[in-house]
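A.B. asks: As a plain string of letters, each chain reads:
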Amino acid sequence: MATPPTGIRIRSYNVGFGDCFLLTFNYASGKPRNVLIDFGSTKQSGTGPSGGMKEIAEKIREDCGGKLEMLVATHRHADHISGFGGDTGKVIIELEPEIVVQPWTEEPGLDPEASGPDGGGNGALHARAAVARISAMQAMAAAALEQVPRLERAPGVSKTVTEQVSFLGETNLANLDAVRNLASMGKKHVYAHFGTKLALGRILPGVRVDVLGPPTLEQSSAISHQTATDEEEFWHLAGRHLAAVEGGDGELFPGAKKARRIPQEARWVIPRIDRMRGEELLAILRSLDGVLNNTSVILLFEVGERRLVFPGDAQLENWHYALRECDDAEAIRKRLASACFYKVGHHGSLNATPKSLWNGFEHRDAKPEPGRLATMVSTAAGKHGSTARGTEVPRKVLIDELEKMSDLKNTQSLKSRSTFWNDVELEF
Amino acid sequence: MEVVAQDPGVLRDGRILTTTVKVPWEDLEPGPVGHRVCVVDYDSSTQTMYKPAVVGEDGGAPGSDEELMGDPGFHARNVYALVMRTLARFEYALGRRVNWGFRAHQLKVIPHAFEEMNAFYSPEDEALVFGYYRTPRGVSFTCTFQDVVVHEACHALLDGLRQRFMAPSSPDQAAFHEGFADIVALLSVFSLGDVLLTLLSEDAGKGTPREGLIAKDRVSVDALMDSVLLGLADQMGGDIGSPRAGALRRSVRIEPDEAILDWPEYEEAHARGEILVAAMMRTFVDVWTRRLESLGSIEGEYLDLGRVAEEGATIAASLLTMAIRAIDYTPPIHIDFRDYLSALLTADGEIRSDDSRYGLREGLSKWFGRYGIKPASDAADGRWNAPEGPLQYDGVRFQSLQTEPIEMFSLLWANRKRLRIDPGAYTRVASLRPCVRISPDDGLPLHETVAECTQYVRLRADELGQFGLTPPEGMPPEQELTLEGGSTLILDEYGRLKFEIYNPLPRKRSPSGNARAQARLQYLWENGAMNAGAGFAARLATMHRRRLGLDDRIARSEVW
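Chains as they are written, first to last, in the numbering used here: chain A, 1 to 428; chain B, 1001 to 1560.
Hints may be right or wrong, so weigh each one.
Below, a list of computed lysine-lysine pairs in the PhoX-like style, where the Cα atoms sit at most 20 Å apart [unchecked claim]: (1) A:K258 / B:K1051; (2) B:K1051 / A:K257; (3) A:K54 / A:K43.
Computed beta-carbon distance windows for the label pairs [what the hints assert, rightly or not]: (4) A:K415 / B:R1458: 48 to 56 Å; (5) A:T160 / B:E1493: 52 to 60 Å; (6) B:E1267 / A:K367: 40 to 48 Å; (7) B:R1496 / A:T387: 51 to 59 Å; (8) A:T160 / B:S1064: 44 to 52 Å; (9) A:E362 / B:T1470: 31 to 39 Å; (10) B:T1470 / A:T391: 25 to 33 Å; (11) B:R1460 / A:R333: 31 to 39 Å; (12) B:E1310 / A:T160: 53 to 61 Å; (13) A:K197 / B:R1458: 56 to 64 Å.
FYI, nobody ran anything at the bench for these hints, they're computed from the structure. In this text, a Cβ means the ideal position worked out from N, Cα and C, and glycines have one as well.
Could you put the whole structure together from the sequences, leaning on the hints where they help?
C.D. replies: What follows is the structure, encoded as structure tokens:
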């Protein structure tokens, strides 16, 4: 039996709207072992390091002593992986992670462009379709982003709608450079799903890591009886049409006559069409955003009886399998209940911390007693959702509850340009 | 006017099949803009306003396929003609003018609203919007798909006839708008003989002694389902594909089963609507086949192809009229499929007493029954029951009953006990519509007045007991909610009550009526319909969650 670590430090860097967590496991003898979970940002913080993401990358290098044992990219949203591309990506590559963990949807063999082995059978076919759908979605995000200047010009479209289309469009863009870098890193690469066994014996001695999500299509379709849905058709066609757009969009009706001025009878309805267009785009981007969030890898770290939960941006749909539908859901809920640390899902959004999960945590405590649950959130207000509709990120009622019942470290409270991180230290 | 007969994928002799439809003449402004439809050719994705189209003397006859698809003006005329034709079909069937579901008189139709695979009716914008999308094989314009245009126009018309049918109520009501719009769209396409002829011609000629014949074994129920219904689905959209072909294919393949409405996979609105379409399409094909059996054959084994298509188009047109006319005979609030069947049988029976030629009513009863849809009425023929005894007419002026809602209300109030009107509720006569329908039996006009009376009660969950209802599990006592009820009253030309079609407010001493109200309450609560917001994104999200076995109740209890 390997000697377990004696303690851990969890460091959350102020990336603005995004996630970046460095887990440093300390051992009684030998050097510490480091796990980096995500490194991305869509909107950098005004109070972050003056050197931006580059400075954070260098700080990560320093904090891990130039070596990562494990790297996790929970899902392919920009606010979780953008740092793995470009100059900052070069820094991370030099840290030579032993193992890289990503969700099963990232497996290169499933790429519709790739000719790698796919295992055959219907399952692989469906999985490929799902992956094709994701690239179609990302192409759609790019197309939506191109619409932003037009939305800005249209008087019928509200500023909030335009801003959110722009924000969600950027978040959902394909980060090709980051994706390529991730594929190139790691002596070992694991594309994980619920139940994947991570053999970390030599990499992280004494630490058990369970993958609680995302479920595979077979796992989640075991629950449902429906197969083909309008949703699937929708994304497929959307993807196909975008593929054609890339080939050159051109004019819709070459040579068709345009009106010299807007006719009087059209003036009432035109701002309304523009508004509909903006809202439709936003609605599509929102649902796309949710689908990608639900590809997040959910990890449960365990040292002896101490447990730490890192769910990426997983929303209810992803959590649902582990919490309710899988065969050992009850045992899993029990283990989760004893957690001493919880990384708040999806920057504190309303549907990424299932209430039943939260209410199950036994170490929640209204008083700051020793052994109280520690929580961390990496977020930035005013980027995502709307307070009027109760969809703001972070959701205020959730943050209030986290502050009341746990030791919460929130990146939003970081104000120093030189100390741009929060730490949680736990003894095992 | 010249229109695309179904969509650009349905071809004859390698060219897009077009057909001429008749629309009521009017002096049009460029757009075209007429008294009921205003086409605005604005593209929000490129922020382009195309030159308003003019309808010429020739009705806009198209040139080559490329000219046809590349001319926004043709698209504008196409949608104008199809929406006007649908409106005219409704007005013909109902025997009166029909309003849109909003106060203005002109529906705005946007043929190229934005680049997106979507088309919808937006009541708050008084508009039908059609998107377009690019594919590797070309651009697909949803405004050139007849079934899509008619389907969306139908939403706008049904909304004008029964505003409360868009509100959440039950799985059936959610499905009804979709199913009804699909039925009207398909029957509308089939009532154009050109489309049927093209679909039947595909392989009719094989083995026949000469052209223009079709073998008898190719007009059985199964063969017609295959050649006409699935054939249409296969051709829809051609290479590019149609967003709606899948739905048609699914409805045709739904095998009858009397318990099908209880299957969990048919709880979702679109899937459930497909059952209604399935029942109607099987009726169509079955009636058609039986009609063909009575036609004399040629050389023992063949039928005249043109005649076969013509009979099909006639039957489709008759069913279309029935389907629309039935709306007047539905309750104003909370429709389910059984109500619709009784409405179909009653409305048709009132105006067409002799059903022996085609057996349409018999066909509908049979096929709806096989999909588990039995008439809501307990009468042997499935029609609504006539009321017992006359109403109290003291002080009511007959003449005004046809035109003055207040006069109608005074009649209702005087008879409130008899007519199940709750005196404590918010009550109004939501519509009053005199109609003149022409009987195909004798050509004589049938005068009727249709009135909708709706009632609302606003209360808290802890007051539900007063109405004999129990709050669903998990509903907080302070939850505010509204109970709705209402009746449709059909009066004859002398103001006498012919039918009273009702879904009254629940009452403490009416356990049978309350069972439906209780089920409705449960459905609304479980589906989150008591919370605001159910747009496209919400719908997709709900669908996605359902697939994971995560219902809305769980989802609601898990979020912050």
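A.B. asks: Run through the hints listed earlier and report the numbers of any the structure violates, in increasing order.
C.D. replies: none
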